[in-house]
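Q: Turn these sequences into a full structure, and let the hints steer you where they fit.
Number of protein chains: 2
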Amino acid sequence: MKTTAAANANIAVIKYWGRRNEELILPNNNSISFTMDSQLETLTTVEFSEKLKRDELDIDGKTATEKELKRASKFLDVVRKMAGKKMFAKIDSINTFPKAAGLASSASSFAAMAAAASKAIGIRLNEKELSALARRGSGSASRSIYGGAVEWLAGVKDDGSDCYAVPLASYEKWKDLRNVIAITNSHEKKVSSTDGMKITTRTSPLYPARLSSVEKRLAVVREAIKENDFEMMAPAIMQESNNMHAVMLDSTPPVIYLNSTSFKIIEKVIELNDSYGRPVAAYTFDAGPNAHIYTTKKYEKEVSEILEHMNGIEKIMVCKVGEGVRYLEKHLF
Amino acid sequence: MKTTAAANANIAVIKYWGRRNEELILPNNNSISFTMDSQLETLTTVEFSEKLKRDELDIDGKTATEKELKRASKFLDVVRKMAGKKMFAKIDSINTFPKAAGLASSASSFAAMAAAASKAIGIRLNEKELSALARRGSGSASRSIYGGAVEWLAGVKDDGSDCYAVPLASYEKWKDLRNVIAITNSHEKKVSSTDGMKITTRTSPLYPARLSSVEKRLAVVREAIKENDFEMMAPAIMQESNNMHAVMLDSTPPVIYLNSTSFKIIEKVIELNDSYGRPVAAYTFDAGPNAHIYTTKKYEKEVSEILEHMNGIEKIMVCKVGEGVRYLEKHLF
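Protein chains in written order, with our numbering: chain A, 384 to 716; chain B, 384 to 716.
By construction, these hints were calculated from the structure, which means they are not laboratory data.
Fair warning: there could be bad hints in the mix.
If several chains are the same, the list does not tell them apart, and a pair holds so long as it fits within one copy or across any two.
With a Cα cut of at most 20 Å, we get these calculated SDA-like pairs of lysine to any residue [to be verified]:
#1 Lys647 to Gly695
#2 Lys573 to Asn642
#3 Lys573 to Ser643
#4 Lys581 to Asp657
#5 Lys581 to Glu650
#6 Lys651 to His692
#7 Lys573 to Phe646
#8 Lys647 to Lys684
#9 Lys647 to Thr635
#10 Lys647 to Met615
#11 Lys558 to Tyr710
A: What follows is the structure, encoded as structure tokens:
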């Protein structure tokens, strides 16, 4: 009844912003991401036990907040219902990177928790089922089940049974891809993604047009991933980031995650591409001010150097594309 | 052949961003503004003379740049064609406020130039004709012909003959309105409005949806102006500003005029309104980082005090609603 799993964060190039079902976490559009390497990893041990009187959750060695525990318990309820069992669980979770800084820790957390909890309670799930389960904890966690390039299918069914992620390309195929991450602000964000999405879908007059335009970018990125063509993908990645942050700004009240450093980075990446006359790097921003600059091995150093000369950047990390969820022999407790 | 006119800047609450005809400056949508008082004024003397060998332009006592002269000459060509005359002109223009800082100096400049040049060359125009003429210099100049609240009609005709501004309410009716202006950056902007508009209309997938949504806000603001109802107008003003800056961000490359101080001001205005439980102030940003906070006499001081405690603001001005274009007896040269 005790299992440990590891999962890595993923950084979307076509974003998830807005749900068609809040409870089941069914998104309005497909999204595509690359799973990162183990620099952005969550390790999670789950143990179900008849002896426990309530769920227990430690994150990074500390007792979790009531809010975090409530979210985990709600997720465990889904697992318990699937297994037809009523035991509580003890969970220990360790992140290799700061929580809620826009580095998508909820994706790796719930992917690892889905894998560990389902196995610990004794249910066997295939990858699609595991992806659909992880989705119930955090939408983007559905993508962290797989390594490499991944597409999360929005599906059309009300019960969410066609809503899970599928692999698009292995991480070996994209081994030269780099995500140069500029941490511009590691404090926790003010508006959660869940709240921000609700505000946008309810109030932005431009949001329906985003849903139409995202289809075109999905097609381009899907093709580029298949063809292993970074240059084809790069403009669509930047447009997609701009488009998502545009509908956030169009919301009432406006949902603003970017800061002045983010805008300076956007400018620098455009200048870099202009200097080559072709896209060698592509910025993307999640629900936070940290920049993810996708580029290739060849330009990794040049991108890093540009960032090193800028003010307002706390830390620079370079991630490769990594693998999907895996089980470990050694437990955290 | 020598005439002097004065015109004030106007600050739009429903914005002009995108043209259906570049040459004639015909916009894609109607816009609504308030004309400001004489703190944001341009005085312009125009003299046509057979003796001149080319047009001459001084701005704020200095010889204008070739680019500025070219734009003025192109405008004078329109006036000369209307009059059927071929004389060159000497123009002196003085602004009471910094050029190209997002304070809409082109609006007051071309409104004053249209009034002075047309009279100097001997043609008599009614207000609609004068508005249509000013439009040829700078779109928003069409609105500065009138005082108070003004709507610029986009029209539908290819020749632009139905494209001019009309008054919505006198400045006496809105005498309690205030525009608390926070100058966050008085340097000239990088991307001109003309270029920025082109980029947005050509590349933003969200732009067509903006044009649909702006119709609803136009109706709300028109009704609010008629009813003299600030609270009705305020949310639409903020939504409109967010919406325009959203399609700017959605452009390729993104057109970004706001800075971190602008975003902080947005936050503060929302907090202020939340504290009252109703909108007592409304921010709006043109193609620049300066904030225009529309409020009423009653809250003017409170809004100013909030801005005084913020970093990144170079200057605070409080404008009232002002009058339209007028002729002066005294010339600048």
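Q: Please name the hints from earlier in the document that this structure breaks, with their numbers sorted from lowest to highest.
A: The structure conflicts with hints 10, 11, although it agrees with all the remaining ones.
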